[in-house]
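Undergrad: Okay, here's what each chain looks like letter by letter:
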Amino acid sequence: MFDLSLDMMTATTLDGYVVVANPRFETTLGWTDQELRSKNIMEFVHPEDQEMTAAEFAQLNQGMVTMNFQCRVRCKDGSYKLLSWHAVPSLERGIMYCTARDVTDDEQLFRTFAEHNNQVIWMEDPVAHRTVYVSPAYEQIWDRPCSSLYTNPQGWFDAIHPDDKERVESEREAQQHTGIFNAEYRIVRPDGSVRWIRARGFPIRTATGRITRLAGMAEDVSDRHNLETHLRHNERLATIGTFAAGVAHEINNPLGAILLAAESALKRLDERSVIELAFQDVLVGTERCGRIVDNILKFSREESLEKHPAELNSLVDHAANLFARRAAEHSAVVGFELAADLPSLLLNETEVEQAIYNLLENACNAGARQITVRTEQLAEGVSLAVDDDGAGIAEADMPHLFEPFFTTRRGRGGSGLGLSITHGIVADHGGTISIEPRAGGGTSVCIQFAATRANTHKEPYDG
Amino acid sequence: MANVLVVDDVDTYRRYLTLELELQGHEVVVAKSGSEAIAVGVASPPDVLVVDWMLNDEHDGMDVAEAVLAANPSVQVILITGHPSADLRRAAMQQCVTFMKKPFSLKKISEAVDSAAKKAASLQR
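Each protein sequence line maps, in turn, to chains E and Y.
Every position in the first sequence, counted from 1, becomes a number in my numbering once 773 is added.
Every position in the second sequence, counted from 1, becomes a number in my numbering once 10 is added.
For the record, the hints were derived by calculation from the structure and aren't laboratory data.
Glycine residues also receive a C-beta, built at the ideal position from the N, C-alpha and C atoms.
Misleading hints may appear alongside valid ones.
DSS-like cross-link-like pairs, simulated, lysine-lysine; straight-line CA separation at most 27 Å [to be verified]:
1. K117/Y x K42/Y
2. K854/E x K111/Y
3. K111/Y x K1040/E
4. K849/E x K812/E
5. K117/Y x K129/Y
6. K129/Y x K854/E
7. K118/Y x K128/Y
8. K42/Y x K118/Y
9. K42/Y x K1040/E
10. K812/E x K854/E
11. K128/Y x K111/Y
12. K1040/E x K118/Y
13. K129/Y x K118/Y
14. K42/Y x K129/Y
15. K117/Y x K128/Y
Simulated restraints on C-beta separations [stated by the list, open to error]:
16. K118/Y x V1066/E: 45 to 53 Å
17. V1066/E x D97/Y: 28 to 36 Å
18. D97/Y x N1094/E: 38 to 46 Å
19. K111/Y x R962/E: 27 to 35 Å
20. S125/Y x I1048/E: 27 to 35 Å
21. I1013/E x S84/Y: 28 to 36 Å
22. H1006/E x A80/Y: 31 to 39 Å
23. K111/Y x H1006/E: 48 to 56 Å
24. S125/Y x V1066/E: 17 to 25 Å
All chains, please: the whole structure from these sequences, using the hints.
TA: Have a look at this one:
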């Protein structure tokens, strides 16, 4: 069986000296049993593979088994063949039993595959920090010769855009433990052009779990990236469009009224009643324009508002009182489920009241009949929810709710500012706001405020 | 001079259009909602209908125009709006409706009403 085996079989000493080798060695590599005897296997291993082969030997000498260990071995004619080894040590007898299979063709297959792929396929020796293989796509994407990676395995990394290097470096550090590498980064090519790369890496392990190779793929995703940037840009333009249309609409109505009133008054300078009325309308119109400008400025406000310790429940009371008349106009009933003994929070009372008022207003505009305001103590703060039984929000509108001037009630009293102002107020308090449909119809808006750490005045609250 | 029906849900627009058009010698009737305008305009069609497109009720300005034109096809319609979308312009064109973008000056609206009144008079003759 030893003589007939299609695989190479050999017994060596624990330090690698050949005791006996079967005839398959001669068929595959050209070396006869006689020529191999008393030689150390290491003499035949490719110089670049010797370090990892030595590491494998060290493991065998601790009684571990080798499975599918690959290294290049020199043939009698000077060429190399890639062998895949299985080995079992017998420590008490001082012998290693090894079988080896020629997988040069398999590697050839891999190379053919790799070389016809427009992704960069690479393999690295993690012990010697050496590039074992890199496919020709590297030359297209990085615009640098493959051979440069064999002399400088860091070459691919050196090409990374300075802004992305730190991120990729930390990903590589993580790879030391997991073997997994996953990153998207930019590279700068020798001509200065920038490409986006998506790279994935994974470990190749022996049966015992030791990592013998790091392999991976890297592809040029610049086109996809440019498309995404383009889409994001368009989205932003659309938001600005909504914003501009909103400003135009909100300003145009009072502006139109001012224009008509002033023109009318000029034509009837002798009619005191008309002039009085016209001045009234000019005042109302300009005040309205001023309020709109104030609201717009809220979006560009950079400094945080002054905050004081306040009881959220009493702000709810106050906002609901202010809202009572509006609620009656809409035939809506506002109910309360307020948690007792809430901790006081650092709040700007006017702003938070406005936020609550806005949510009540929205509920009414959605046709709610029953609105419930709930407060609740959370593990790390306090929540305020406004639930309504109104028409709910169309799914397509959901992503736009906080955009300034986004409204489904354009021309019917909707300015599109309520929720975006509310969002701004909540953000200024370091809180979060979420909007969800309620089971059975209606909408639930929930604001969470983080708990106050100190009762100091005027300290900007940073959550 | 002409009979003009002014339809707008914003009272400042109603007020100053009325003042201006009366100053020009027209007879002005106002309506502040689509349904009110349809009731008035169908019962006694004006020579000129000045109607805002967005009316804050179930009928918009185009509904009013269609209803009044159905009652009397010689009525001249001026549609005013702050949102002159392409769709609206197309619909307005199909109904032979004159289009006017908000905000506008009194001079401009009274010129438009004058020329509409002349056209209505020539159609009725």
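Undergrad: All hints, please: hold or fail.
TA: For each hint, the structure was consulted:
With a C-alpha separation of about 22 Å, the suggested pairing of K117/Y with K42/Y holds against the 27 Å cut-off. Proposed proximity of K854/E and K111/Y is contradicted: the alpha carbons are some 83 Å apart, above 27 Å. Pair hint K111/Y plus K1040/E holds up; C-alpha atoms about 22 Å apart against a cutoff of 27 Å. Note on K849/E and K812/E: the hinted pairing holds, with a Cα-Cα distance of about 14 Å set against a maximum of 27 Å.
About 19 Å separates the Cα atoms of K117/Y and K129/Y, which keeps this hinted pair within 27 Å; it holds. Straight-line distance between C-alpha atoms of K129/Y and K854/E comes to about 99 Å, which puts the hinted pair past the 27 Å bound. Simply put, K118/Y and K128/Y have alpha-carbon atoms about 16 Å apart, close enough for the 27 Å limit, and the pair holds. With a C-alpha separation of about 22 Å, the suggested pair K42/Y and K118/Y falls inside the 27 Å cut-off, and the hint holds.
Using a Cα cut-off of 27 Å, the hinted pair K42/Y and K1040/E holds, with the two alpha carbons roughly 25 Å apart. Simply put, K812/E and K854/E have alpha-carbon atoms about 18 Å apart, close enough for the 27 Å limit, and the pair holds. For the hint linking K128/Y to K111/Y, the alpha-carbon distance of about 22 Å falls within 27 Å, and the restraint holds. Note on K1040/E and K118/Y: the hinted pairing holds, with a Cα-Cα distance of about 14 Å set against a maximum of 27 Å.
Between the alpha carbons of K129/Y and K118/Y the distance comes to roughly 17 Å, so the proposed pair stays at or under 27 Å and holds. Distance hint between K42/Y and K129/Y is fulfilled; the C-alpha atoms sit about 26 Å from each other, no more than 27 Å. This hinted pair checks out: K117/Y and K128/Y have alpha carbons roughly 17 Å apart, not beyond 27 Å. For K118/Y and V1066/E, the hinted distance range of 45 to 53 Å is not satisfied, since their beta carbons lie about 27 Å from each other.
Checked against the hint of 28 to 36 Å, the C-beta distance between V1066/E and D97/Y comes to roughly 31 Å, which is consistent with it. In this structure the supplied range 38 to 46 Å holds for D97/Y paired with N1094/E, their Cβ-Cβ distance being about 44 Å. At roughly 52 Å, the beta carbons of K111/Y and R962/E sit outside the given window of 27 to 35 Å. Checked against the hint of 27 to 35 Å, the C-beta distance between S125/Y and I1048/E comes to roughly 29 Å, which is consistent with it.
For I1013/E and S84/Y, the Cβ-Cβ distance of about 45 Å falls outside the hinted range of 28 to 36 Å, so the restraint is violated. Between H1006/E and A80/Y, the C-beta spacing of about 48 Å breaks the proposed range 31 to 39 Å. Separated by about 30 Å at the C-beta atoms, K111/Y and H1006/E break the suggested range of 48 to 56 Å. Between S125/Y and V1066/E the C-beta distance comes to about 37 Å, which lies outside the given range of 17 to 25 Å.
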